[in-house]
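Protein sequence lines, in the order shown, are assigned to chains A and B.
Heads up: the first sequence runs through residues 1 to 234, numbered per this note's numbering.
Heads up: the second sequence runs through residues 1 to 64, numbered per this note's numbering.
Read the hints as simulated data drawn from the structure, not as lab findings.
Beta carbons: idealized from backbone N, C-alpha and C, even for Gly.
Honestly, I wouldn't trust all of these hints.
As the list claims (entries may be wrong) - If the Cβ cut is set under 8 angstroms, some of the chain B residues that face chain A in the computed set are:
(1) M1
(2) Y2
(3) S20
(4) V28
(5) F36
(6) A40
(7) F45
(8) V50
As the list claims (entries may be wrong) - If you anchor each label on the Cβ, the simulated ranges turn out as follows:
(9) B:K16 <-> A:P229: 54 to 62 angstroms
(10) A:T70 <-> B:V24: 47 to 55 angstroms
(11) A:R198 <-> B:P10: 45 to 53 angstroms
(12) B:K16 <-> A:L11: 23 to 31 angstroms
Stated by the list, open to error - A few chain B residues that don't get close to chain A, going by computed Cβ distances all over 10 angstroms:
(13) R7
(14) L8
(15) L9
(16) P10
(17) G11
(18) P12
(19) V15
(20) L18
(21) L19
(22) L21
(23) V22
(24) L23
(25) V25
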Amino acid sequence: MKGLRWGVRTLGEVLITIGLLLFLFVAWQLWWTDVTANREQAVAVQTLERTFGPANLAERGVADPLATLTKVPFGEAFAIMRIPRFGADFARPVLQGTDHDTLTKGIGHYPGTAFPGQVGNFAVAGHRTTYGKPFSDIDLLQRGDVIVVETKASYLVYAVDRHVIVTPDKVEVIAPVPQHPGAKPNQAWMTMTACHPRFSANQRYVVFAKLVKRIPRAGGLPASFMAVPAGTVG
Amino acid sequence: MYGALWRLLPGPWPVKVLLSLVLVVAVVAVCFLWLFPAIAQYMPFNGNSVQTGLPFPAFTTHAT
Chain A
1 MKGLRWGVRT LGEVLITIGL LLFLFVAWQL WWTDVTANRE QAVAVQTLER TFGPANLAER
61 GVADPLATLT KVPFGEAFAI MRIPRFGADF ARPVLQGTDH DTLTKGIGHY PGTAFPGQVG
121 NFAVAGHRTT YGKPFSDIDL LQRGDVIVVE TKASYLVYAV DRHVIVTPDK VEVIAPVPQH
181 PGAKPNQAWM TMTACHPRFS ANQRYVVFAK LVKRIPRAGG LPASFMAVPA GTVG
Chain B
1 MYGALWRLLP GPWPVKVLLS LVLVVAVVAV CFLWLFPAIA QYMPFNGNSV QTGLPFPAFT
61 THAT
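Next comes chain A alone, as it looks inside the complex (with noise of 0.2 angstroms):
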């Protein structure tokens, strides 16, 4: 009887103790991750302005700069992405890579696809919820939103054209030509990837925006690229 009593307890605190952890990891993944990933990707930010600004403008020289952002080693930091649309301060890391490490450091670039400006499809992928959530708001982007790629040479503009929602196993999404595989691109794409519904991993919510102008960094950002639009809640 003793036994049977010490052996229902036992299990009772086990049972407790698993059920504290997995409350913990939901505040770990919901919560804590979000706090480490968005200081992280703000330093990230920080260290690639430095790296592209001004200081540096002289011994660049570059005759093509899309040229040098030909082979971006696995993991690095290669862009800064800005979306008026998510707030005039919004600035992410854009690095090369799309597996979970990468992503939970920024926004990550599918190896293969274009890089920002190249004719062809410059396409990246994002958390939607957790690791700072770069792409929380993807939903609330509209045909015509700016959205600015930072590289050491240019500001690339694209404009969002339109929207899909497709399952994961769609790669057409990321086609040179979005949603044509197989045809010969003219124009500079931009995928952005994350996932749909809110939480789930169940489906993709896409954005394909297309380059409307290119800009030399010398000359820098027109403040009007970076005006939040109209109707921007939060």
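Once you have looked at the hints, place chain B on chain A.
Chain B in isolation, oriented as in the chain A frame:
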């Protein structure tokens, strides 16, 4: 389980309380810093990219 732990902790009860708190903080720290980051990638809700490695030659280098 917790009863045995309480009996195992040395000293009078205020010391036991203090030691328990230290243990709790240690467990949370281990979970937050090592355990959870390690298991998070196996969670079904952490996907944001479209599957690759499918018949798209250009993208096969990408690990899902």
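Cross-check of the supplied hints:
1. M1: holds, 4 angstroms
2. Y2: holds, 6 angstroms
3. S20: Nearest chain A Cβ about 14 angstroms off; hint violated.
4. V28: holds, 7 angstroms
5. F36: holds, 5 angstroms
6. A40: holds, 7 angstroms
7. F45: holds, 5 angstroms
8. V50: Given a least distance of 5 angstroms, the restraint on V50 (chain B) holds.
9. B:K16 <-> A:P229: 54 to 62 angstroms: holds, 59 angstroms
10. A:T70 <-> B:V24: 47 to 55 angstroms: holds, 51 angstroms
11. A:R198 <-> B:P10: 45 to 53 angstroms: holds, 49 angstroms
12. B:K16 <-> A:L11: 23 to 31 angstroms: holds, 24 angstroms
13. R7: Non-interface label on R7 (chain B) holds, nearest chain A Cβ at 14 angstroms vs cutoff 10 angstroms.
14. L8: holds, 15 angstroms
15. L9: holds, 16 angstroms
16. P10: P10 (chain B) clear of chain A: closest Cβ-Cβ about 22 angstroms, beyond 10 angstroms.
17. G11: holds, 23 angstroms
18. P12: holds, 24 angstroms
19. V15: holds, 22 angstroms
20. L18: Nearest chain A Cβ is 20 angstroms from L18 (chain B), so the label holds.
21. L19: holds, 18 angstroms
22. L21: At roughly 15 angstroms from the nearest Cβ of chain A, L21 (chain B) sits farther out than 10 angstroms, so the non-interface label holds.
23. V22: holds, 17 angstroms
24. L23: holds, 13 angstroms
25. V25: Non-interface label on V25 (chain B) holds, nearest chain A Cβ at 12 angstroms vs cutoff 10 angstroms.
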